[in-house]
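Visitor: Fit the two chains together into the complex; they arrive one by one in their own frames, and the hints show the way.
Protein chains in written order, with our numbering: chain G, 1 to 336; chain A, 1 to 257.
I should point out that these hints are in silico values taken from the structure, not numbers from a laboratory.
Don't take every hint at face value.
What the hints assert, rightly or not - Computed footprint of chain A on chain G, listed as stretches where at least three residues anywhere in the stretch have a Cβ under 8 Å from a Cβ of chain A:
hint, segment
1, 188 to 199
2, 202 to 210
3, 213 to 222
To be verified - Residues of chain G placed beyond 10 Å of chain A at every Cβ, according to the derived structure:
hint, residue
4, L11
5, A225
6, V308
As the list claims (entries may be wrong) - Quick list of the computed label-pair ranges, beta carbon to beta carbon:
hint, chain 1, residue 1, chain 2, residue 2, range
7, A, G65, G, R123, 28 to 36 Å
8, A, E196, G, G30, 24 to 32 Å
9, A, L17, G, Y128, 25 to 33 Å
10, G, F258, A, P117, 47 to 55 Å
11, G, G30, A, H87, 45 to 53 Å
12, A, R13, G, L188, 51 to 59 Å
13, G, G299, A, G109, 23 to 31 Å
The beta carbon of each residue, even a glycine, is placed where N, CA and C say it ideally should be.
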Amino acid sequence: MSRTTAPPPILAPTAPARRALTTRGLVAGGALLVLALLPLFASANVADMLTRVLVFALLAISLDLLTGVAGLPSLGHAAPFGVGAYTAALVAKHLTTVGPLQLLAAAAAGAALSASVGWLVVRARGTYFLMLTLAVGEIVHVLADRWEGITGGSNGLAGIPAITLLPGGESVRLAGVLYWYVLGAVLLGAAVLVVVSRSAFGRTLRGIRDNEERMRSLGYATIRAKYAVFCIVGAAAGAAGSLWVAQARFVSPADLSFEISAMALLAVVLGGRGSLWGAAFGAALVVLIRDELSPQLGGRGPLVLGLVFIVAVYLLPRGFAGLRLPRRTRHRGDAR
Amino acid sequence: MTALLQTEELTRRFGKLVAVDRVTLTVQAGARHAVIGPNGAGKSTLFGLITGAIRPSAGRVLFDGHDLTRRPDHVRARAGMSQTFQHSSVFTTLSVLDNVALATQRAAGRGMRMVRPAGRHATVQEQAARHLELVGLADRAAAPAGTLSHGERRQLEVALALATSPKLLLLDEPTAGMSAADSARFAELIEALGPEVTVLIVEHDLDVVFRLATRVTVLHLGKILAEGAPAEVRSDQAVQRAYLGDAVFDELFGAAP
Numbered sequence: 001m002s003r004t005t006a007p008p009p010i011l012a013p014t015a016p017a018r019r020a021l022t023t024r025g026l027v028a029g030g031a032l033l034v035l036a037l038l039p040l041f042a043s044a045n046v047a048d049m050l051t052r053v054l055v056f057a058l059l060a061i062s063l064d065l066l067t068g069v070a071g072l073p074s075l076g077h078a079a080p081f082g083v084g085a086y087t088a089a090l091v092a093k094h095l096t097t098v099g100p101l102q103l104l105a106a107a108a109a110g111a112a113l114s115a116s117v118g119w120l121v122v123r124a125r126g127t128y129f130l131m132l133t134l135a136v137g138e139i140v141h142v143l144a145d146r147w148e149g150i151t152g153g154s155n156g157l158a159g160i161p162a163i164t165l166l167p168g169g170e171s172v173r174l175a176g177v178l179y180w181y182v183l184g185a186v187l188l189g190a191a192v193l194v195v196v197s198r199s200a201f202g203r204t205l206r207g208i209r210d211n212e213e214r215m216r217s218l219g220y221a222t223i224r225a226k227y228a229v230f231c232i233v234g235a236a237a238g239a240a241g242s243l244w245v246a247q248a249r250f251v252s253p254a255d256l257s258f259e260i261s262a263m264a265l266l267a268v269v270l271g272g273r274g275s276l277w278g279a280a281f282g283a284a285l286v287v288l289i290r291d292e293l294s295p296q297l298g299g300r301g302p303l304v305l306g307l308v309f310i311v312a313v314y315l316l317p318r319g320f321a322g323l324r325l326p327r328r329t330r331h332r333g334d335a336r
Numbered sequence: 001m002t003a004l005l006q007t008e009e010l011t012r013r014f015g016k017l018v019a020v021d022r023v024t025l026t027v028q029a030g031a032r033h034a035v036i037g038p039n040g041a042g043k044s045t046l047f048g049l050i051t052g053a054i055r056p057s058a059g060r061v062l063f064d065g066h067d068l069t070r071r072p073d074h075v076r077a078r079a080g081m082s083q084t085f086q087h088s089s090v091f092t093t094l095s096v097l098d099n100v101a102l103a104t105q106r107a108a109g110r111g112m113r114m115v116r117p118a119g120r121h122a123t124v125q126e127q128a129a130r131h132l133e134l135v136g137l138a139d140r141a142a143a144p145a146g147t148l149s150h151g152e153r154r155q156l157e158v159a160l161a162l163a164t165s166p167k168l169l170l171l172d173e174p175t176a177g178m179s180a181a182d183s184a185r186f187a188e189l190i191e192a193l194g195p196e197v198t199v200l201i202v203e204h205d206l207d208v209v210f211r212l213a214t215r216v217t218v219l220h221l222g223k224i225l226a227e228g229a230p231a232e233v234r235s236d237q238a239v240q241r242a243y244l245g246d247a248v249f250d251e252l253f254g255a256a257p
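Just chain A, same shape as in the assembly (with noise of 0.2 Å):
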């Protein structure tokens, strides 16, 4: 296996408070892998360092090869990098059709294209389709993207990030705010990925952790505290005590006797 994107010594300061710190992660090519931790743990600036989203105080960004750490966001997404984001992200006035189509017709190099109706790049227009049947949309194409309720919304996240056919797909808690039913549908569309995918996600809800990840990387105060088989990282007792907290852990299940 070869590693798709790798961080060295990633670190990322907010004045005195060190988010990231110095955080070395492999994710190989292929692999589903979760990046869980407490609130607070510097999931999300990891996420955004990684996206482009946020500028390093330090460190490197490797992908497929390349070191973009200075390079924006958008030329990222062009070497295969796509997202989902926390907070559904899409183009509330246009269609969720129009939606998806904007992905497609940037991976199929058409987005520049002056004279052709939108409409008409049929290529452009099919894979649209097909990526809001994938996820379950294709009786809400016409729909404006506003008045999708908030479970639609986040499929259609999932749909755009998708359709831009990423070699990395990150994703930025996607299941928070679905229903249970929403997750499950969720965790079948990623399993269904091929291997040519590879999967980055963060996460809070641990089941879905559980069930998608083949690698596990637990963060914990903006330091990587462990890493391994999902099995392995659930019996890791630093890691119930840092992502429970004691006194929460006796909360939860009460003291031990």
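Isolated chain G (complex conformation) (with noise of 0.2 Å):
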């Protein structure tokens, strides 16, 4: 040990908490087994709907960390998605097929739209930044529906390529494989959304959250914080609206509508606020909802979905995250 002197015994870990970080590792470690193995067994349809799970999973995680851990709720956050799934589609069709390099431009793309409207927007706080990230996403999906002549108008735009995964490399066109580097993509996306959630920078966030006057009393400058996570959500909504277009290999104005908007806050509120993981669990029962179920209920998906919510506010007040047992760490100051 280089410290010289101990840390405060009351930052150690204490065992139970070890305990419970090695179970969750093993959990974590069989999840991601079970979703790197899937398409070895599962049909390619089970694949394509499993890829739009994980796309709208990464969605999903990124406006859990605006919403749940910065306290922003954003009605708007398929205006990135969108924004980054229609540069994904214009770099595929005149620049490159390379798949990465269409992430890294939409992901530029969402990041420069949080970043031009983000200035005004996160200065409005509760139902004012609900109500204008509302607005923007509007504005966006009209802008989308109008400018034909890049956006194709309400046709949208087809004929898309299907993405490679090097220069000059073969074109990815099995379900499979698509997956694969769609949750390839997913998870470094989420992996860094985590770090950042978990950082001090994350802890900034949810103090925010919580009382932004006492923050600024202490010195932070809010409006920074809430500006820089503005950002970086608006940079993985473009990702992943970059991976919808690799898979869907079209894209029109409905893949920034409010719908979208909508349904990735449901999500969120499924999930639990904050926890992230959950998120991508709300994610999954979303999309199950509006693309399986729906269709078999003569296209009533978003009434089930409206059920779904309703039920899910009085049932699981905090969501899927809720339901793990009640943190040990929390009955530590108690139980001395």
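Guide: Structure below.
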């Protein structure tokens, strides 16, 4: 040990806390293994559906960082997602079929959109923030619909070539291979968001969520922190947009409609705000209901989503993440 | 001695009411300076003008040689002002340790670091733990701040204010709602602070004021009524009249024979 003085005893992790970490590591590792091996057993249709779930999970996790961790509930998260999707589509059609490059361009476009509107938007709070993000989402939606020269208007952009993983590489046409590409990209993106959430900056964001006034009196330039996270989640949403296009090979104004924003927010609420991994489960449920259950119900998926939302609010006020056993650390102080 | 904080002709009007009326106040570095006054004297408004929560109608706030009149609250905090709030203002969903770590990580310039896990900033965590021990909350470090009792929240509030290593500690009625024991403990904590921390305390409880203060300013109807050493102020007839009012004075101590 290079440290001369031992840290105060209250900082040492307790045995139960360490055990909980090990358990969580095992569960996470098992889940990753299952996710990675799925295409070997599943049909192409199932792989397609799981790909959509993964993409939506990244979108929901990024929204959770903004809403659950930083306390900024956005109703316009489809805007950076859609801008990323259009950017990826245009890059694919005109510049390169290399998927990772499309992803980077889409992330940059999502961040750029967030950076350009963020200065204004993050100054608003609560309902005003909700309304401003909604407005941004609608404006971007209308732009996609009207700016026909670039976006193809309401027809959208079709004929997007399949991605390649490397320059000059083979086109990815198998649903399973595409799934692996999307899985890798989503895991990378989610890992970045989790790292940010656990960092000192993540703690700053939670402080702002709890009590912004107090944060300022501690010397935090809270607007700057909120702007930073707004841009980060914009980049993640843009990246998700490029993955969406890599699979659908089509993009239309529907991809940045209010429905996408609302579904993402629903996934966050279902998952339990602020837990990140909970949002991924919420995203899976939302996509499954919309894409799998809805056709069987004659297109009444949104109705089911609404019912699920009401039930969730009553039964799971803290979402899926609230289902786990109460954290042991919570009782530590009382036990002594 | 040099002045750490000066207000010059500081004024704040709310409509026709002049809550703070041309207050010129000097707080010497290292002082334990108290501002007292009856309800409605403008103490809290003056406090807000100094911390930046309220914008002045006229006048200036000088701190540590800089004019901070037009600077927002977080800039004043970075310049070395730190405050406690009259109503405990903590981060209820975060652990007690994380609450204080928010203060120490800002003071260490780590508040925007995005890679290393928050708990691995060793000095930030250790300083936070030390401040918890200082105020006597070490055994509650892992509890969410929302589960603390009222008295414990007040202690946490003080830990938060001290953890930014301030030059000036601004205390807004710190002992409001504290038990006598907690009050005494709080007074000990402030007495134990070194001369590098200047304290400006706005307080209702005169026992605490006369125990801690080296200098007292009396505010009445937005204006400075008197200022001096605690003993001088205590024996000032005008202060007694203003603070207690003739009628109340009689009620409490009996009419003069």
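Visitor: Each hint should be assessed against the structure and marked as holding or not.
Guide: Comparing the hints with the structure gives:
Here's how the segment 188 to 199 of chain G fares: 4 of its residues keep a CB closer than 8 Å to some CB of chain A, so the rule of at least three is met and the hint holds. Against chain A, the segment 202 to 210 of chain G contributes 7 residues with a C-beta closer than 8 Å to a partner C-beta. That satisfies the three-residue criterion, and the hint holds. Proximity of the segment 213 to 222 of chain G to chain A, defined as three or more residues with a beta carbon under 8 Å from a beta carbon of that chain, is established by the 10 residues found. Separation of L11 of chain G from chain A is inadequate, the least Cβ-Cβ distance of about 5 Å not exceeding the 10 Å criterion.
Listed as a non-interface residue, A225 of chain G fails to keep its Cβ farther than 10 Å from every Cβ of chain A; the least gap is roughly 7 Å. Against the 10 Å criterion, V308 of chain G stays outside the reach of chain A, whose nearest CB is about 26 Å from its own CB. Here the CB-CB span from G65 of chain A to R123 of chain G is close to 31 Å, well matched to the stated 28 to 36 Å. At roughly 54 Å, the beta-carbon separation of E196 of chain A and G30 of chain G lies outside the given 24 to 32 Å, and the hint is violated.
Our hint of 25 to 33 Å for L17 of chain A and Y128 of chain G holds, since their Cβ atoms are close to 30 Å apart. Range check, F258 of chain G to P117 of chain A: Cβ separation about 36 Å, and the 47 to 55 Å hint is violated. The hint said 45 to 53 Å for the Cβ distance between G30 of chain G and H87 of chain A, and at roughly 47 Å that hint holds. Checked against the hint of 51 to 59 Å, the pair R13 of chain A and L188 of chain G passes, with Cβ atoms roughly 57 Å apart.
Between G299 of chain G and G109 of chain A the C-beta distance comes to about 55 Å, which lies outside the given range of 23 to 31 Å.
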